[in-house]
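**Q** Dock chain one against chain two, each of which comes alone in its own frame, and use the hints as you go.
Here is what each chain is made of, one letter per residue.
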Amino acid sequence: MASSIREKQRVIVELPYNIYRTIEKLAYIRGSTIENTIVELTKTLLGIVEDIDSHYSLKYSKALDHAYDLVLRAVKEGKVKLRKKDKAYNKAYIVENYVKPLGVIATILVDLYGKIPKRVSKRDLESRSNNLEDTISRIAMRGLNPIKYILNKIEKIKPIAPAFDIEIIESEGNFELVFGNTALLENLYGVGTRPLRRRIKT
Amino acid sequence: MSSPTFTGIIAFKGGVGKTVLSASLGIGLSYMLKRRVLLVDLDPQANLSEVFLTETTLSAVIKKAFETGRVFSFDLIIRPSENPIIYEIPGIPGLYLLPSHHKFMREAAYGINVPMDRAVSFRGILGRLTKELELDHVIIDFPPQMYQYVITIAAASADYIVTPVAKGAFSIPSVGYLIETYYDVAKVIRREPSVFLGAILIRYDEGNSKLIKLSRERVKETVSKFFKNVNLSPPPVDPVFDTVLYYNPLLTKIRGQLIGSTPYIVKHILGKYTSDVSRRLQDRLKANIASLVREFEERLNWLAALEKSRES
Chain A
1 MASSIREKQR VIVELPYNIY RTIEKLAYIR GSTIENTIVE LTKTLLGIVE DIDSHYSLKY
61 SKALDHAYDL VLRAVKEGKV KLRKKDKAYN KAYIVENYVK PLGVIATILV DLYGKIPKRV
121 SKRDLESRSN NLEDTISRIA MRGLNPIKYI LNKIEKIKPI APAFDIEIIE SEGNFELVFG
181 NTALLENLYG VGTRPLRRRI KT
Chain B
203 MSSPTFTGII AFKGGVGKTV LSASLGIGLS YMLKRRVLLV DLDPQANLSE VFLTETTLSA
263 VIKKAFETGR VFSFDLIIRP SENPIIYEIP GIPGLYLLPS HHKFMREAAY GINVPMDRAV
323 SFRGILGRLT KELELDHVII DFPPQMYQYV ITIAAASADY IVTPVAKGAF SIPSVGYLIE
383 TYYDVAKVIR REPSVFLGAI LIRYDEGNSK LIKLSRERVK ETVSKFFKNV NLSPPPVDPV
443 FDTVLYYNPL LTKIRGQLIG STPYIVKHIL GKYTSDVSRR LQDRLKANIA SLVREFEERL
503 NWLAALEKSR ES
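These protein sequences, in sequence, are chains A and B. The opening position of the first sequence corresponds to residue 1 in the working numbering, with each subsequent residue numbered one higher. The opening position of the second sequence corresponds to residue 203 in the working numbering, with each subsequent residue numbered one higher.
The shape of chain B in the complex, shown without the other chains (with noise of 0.2 Å):
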């Protein structure tokens, strides 16, 4: 019996690396673990829908979605019994996305109140689209906590959450205060919260080993700390991975390519590029996003098999 996971991806802070995870995560389980993979971009921004859609396919999906009565994501909470748009990425089979739209930037301007009933249905839509597409993994990319409706969805729809935390000094602090809002709400809304499956360290330099060392303390004390405080028995993860997320020039220019169908990112990882310099920075980041990959499936089988145990 295949069991789908919701994971996800939540942080207090813009500009973190929310979305370079995100796509990180669900084009290292499809490419390079055969994974079947859904990824879900319910930022107003549409940054994760941005990575993986170029001028030319993002036209073509919303002609196709006028068509065909199909809507984006943030549709989907808005009204609940319509149908999604699900683009399937060029080049990586397995690996889909929900995208999300432009024009909720402006309707999020407002502030969108998501009920609580709401945010269930879309997980039970979520739920239905893991039957229809088979899949294995749903990775959900949240924007930053400036929309209100971030906890209340990621409560209801997610089982893990992950956060990134970059290099910066606001970025280990918020760390704490995402826990903090997230448990308080979930505690509110779901008497059981998603597990925190951990943070993951991002745009670190390969070499930097002191700070990634005195970072990884850091974001430890921070969660330990929290747990501490109110009185909660910790994930029984350790809150930092292992693997960090390095710096790598090709992530950085992840988002907006103009033309074309396939995605800058995916070209690299199928190597279309072949300069000496690009396959050098291919490499790295195969092996980065494979041993990041590797890391989260084992955590989340160590939690399953965890959780099994307890139950017998």
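Chain A extracted, bound-state conformation (with noise of 0.2 Å):
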């Protein structure tokens, strides 16, 4: 029968010898047993890793799984209406091709404002064109037209916008977006740009 994890575990570890005195050292400073001082430490250090974990598993999961739950909740309540219905139950479906859109937008305007605003207009984003092309050439990739690009992105999340209490206002040769929770779109940033696909894959 496999042993409770809860069971205390004897493991032999054969430190090098200059760890195994600093350790020595720390233990008698401490006041402590050289064991205790080594459980304490990788306890220490266990913690700070699972916390480093919880924040990136938020940011590259968790994130996700909230947002497809948003999404469902708008289909329910009939705020939103996807196209392919078979598919609209899809969670592998819904990120890649309505999510990640919209972690793009989110990323863009946090790198632009600072923050996500409450209103983003093209005139505003035209104003800011040199920061737009260094930043979505650091999301996406160089020379792409940084409007054009928005504004297909924009076409992407139009259905479930309301999903994320985002209104899009069309008039001829111009578009606004207004936000109605900012707070909802903070943990989309970085969310299907390069730079996080990149640091998944290393």
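Think of the hints as simulated: they come from the structure by calculation, not from any bench. Note that the coordinates shown come from a computational prediction; the quantities given were computed from them, not determined experimentally. Any given hint could turn out to be false.
Simulated pairs of lysine-lysine, DSS-like, Cα-Cα distance not exceeding 27 Å [claimed, not checked]: (1) A:Lys118 <-> B:Lys412; (2) B:Lys488 <-> B:Lys455; (3) A:Lys43 <-> B:Lys305; (4) A:Lys81 <-> A:Lys25; (5) A:Lys79 <-> B:Lys510; (6) A:Lys153 <-> A:Lys79; (7) B:Lys305 <-> B:Lys455; (8) B:Lys488 <-> B:Lys265; (9) B:Lys488 <-> A:Lys43; (10) B:Lys510 <-> A:Lys118; (11) A:Lys79 <-> B:Lys412; (12) B:Lys412 <-> B:Lys488.
Okay, the calculated bits of chain B under chain A, using three or more residues with CB under 8 Å as the criterion [to be verified]: (13) 205 to 214; (14) 257 to 268; (15) 321 to 333.
We treat Cβ as the ideally placed atom computed from N, Cα and C, and that holds for glycine.
**A** Below you can see the structure in the form of structure tokens.
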């Protein structure tokens, strides 16, 4: 029978001499045994690793889960109608086609404004075109037309926009995004962008 | 489209009434204006949690948190992928609390460093909660500025900041220090700082109009001096609220009820104590809180309208 993980495990590790000496000194300073010091050090290190893991698991997976839940909720409430009914409840499809473009928009706006503003218009974005080009070359690729790129992303998120309290106002040659709840998009920063994809691969 | 607001109650100095103000705003908005409000206690000393949780309910909350794997307010900043405890305050529908825990006192003693992305994640979590609980307001009760993480989180997670000013020689200069530090940090981490919604005079005696007038002028002077010195455009609202949260004996005993499930202050708001003295104090408190929250919402609406007109 497999032993419970709660049972104490005895692990024998051969430490390099220098590390052993350092731990010995540390144990002496703390007034503790070498074994206890090693256990405490491991616990502290694991705590830090757990904190980091929690932060990145929010960024890389939980944020997508929450976004998916919001879309499903909006579908149930009738606020959102997805065109392809058979794929409406497919998580991978929704994340890839709707949530990631939304993440790209959130990233561009946070990089440009410092936080997600309540309203963004095409005119306002054009006035920041230099920064916009830099941002887009960083998160996607160089040489793209920034406004066209954003328009393309807006077109993609249109069906799910009400789920995130986003209103898209379009008039001739102009567009405006009105964010009802900017905090909803904060955790989508980085989602669907090149730096994040690269970070996951490495 | 509902637009939830995130307000940080923040002060440089301790003991000026941040908790009393947070509790009053929470109760006023939910009980009197029928809004849905989440109170977030970010103070390691857990003062706001102490207002709404008795020893009985606190142990029940801790037990439930352990069983369901939910976490307290500050845990969310350290481990943002966890799910928070949301405590529904009995007697006042639509008022929720994300409590703090006394264990954070020990952690805060060693100094907690909150990087910017954690603070932003925290705002994201609050954003999700606004959707789940259909909230109109999120009020975040911060500890005094002796904890270095306060300004970072305030700048990242709050749209508006409000500061209480108590009667005292050090309270008014501390408003100046607060704004100075706040705008300094906000400038670095968020290009657009949150709006300073105003200072609220607190614990002044109702009849002492001379002192209230003098304090109001001094706070105005302190705030306008700062904006003039740094060459920033001042917030488009009067720096001091017209409403004063007057001294009321009920507010001095707001914390620390040990037994039962309904908090002491909620009992008073619901009129459970029926003696003549209690009734008089309750009526005074209710009228005071009602006018405070009305002004609070008026200011928010006015700012929202101003923003809309500017953009159009």
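**Q** What's the verdict on Lys43 (chain A) and Lys305 (chain B), does the C-alpha distance respect the 27 Å limit or exceed it?
**A** Holds, at roughly 18 Å.
**Q** Given the proposed pairing of Lys118 (chain A) with Lys412 (chain B), does the C-alpha separation stay at or below 27 Å?
**A** Judged against 27 Å, a Cα distance of about 41 Å means the pair is violated.
**Q** Compare the distance between the alpha carbons of Lys510 (chain B) and Lys118 (chain A) with 27 Å, and conclude whether the hinted pair is satisfied.
**A** holds (10 Å)
**Q** Take the C-alpha atoms of Lys79 (chain A) and Lys510 (chain B), compute the straight-line distance between them, and say whether it is at most 27 Å.
**A** Cα-Cα ~25 Å, so holds.
**Q** Between Lys153 (chain A) and Lys79 (chain A), does the CA-CA distance stay at or below 27 Å?
**A** With Cα atoms ~20 Å apart, Lys153 (chain A) and Lys79 (chain A) stay inside 27 Å; holds.
**Q** Within the stretch 257 to 268 of chain B, is the number of residues with a Cβ closer than 8 Å to a Cβ of chain A three or more?
**A** The restraint on the stretch 257 to 268 of chain B is violated, since only 0 of its residues have a Cβ under 8 Å from chain A and three are required.
**Q** Are Lys488 (chain B) and Lys265 (chain B) close enough, with their CA atoms no more than 27 Å apart?
**A** Violated, at roughly 34 Å.
**Q** Given the hint that Lys412 (chain B) pairs with Lys488 (chain B), test it: the Cα-Cα distance must not exceed 27 Å.
**A** holds (24 Å)
**Q** If you count the residues of the stretch 205 to 214 of chain B with a beta-carbon closer than 8 Å to a beta-carbon of chain A, do you get 3 or more?
**A** Since 3 is at least three, the answer is holds.
**Q** Next pair to validate is Lys488 (chain B) with Lys455 (chain B); report whether the Cα-Cα distance is within 27 Å.
**A** OK: Lys488 (chain B) and Lys455 (chain B) at ~16 Å, within 27 Å.
**Q** Is the hinted pair Lys81 (chain A) and Lys25 (chain A) satisfied, with a Cα-Cα distance of at most 27 Å?
**A** Measuring from Cα to Cα gives roughly 65 Å; hence the hint is violated.
**Q** Are Lys305 (chain B) and Lys455 (chain B) close enough, with their CA atoms no more than 27 Å apart?
**A** Cα-Cα ~24 Å, so holds.
Hint check: violations occur at hints 1, 4, 8, 9, 11 and 14; the rest are consistent with the structure.
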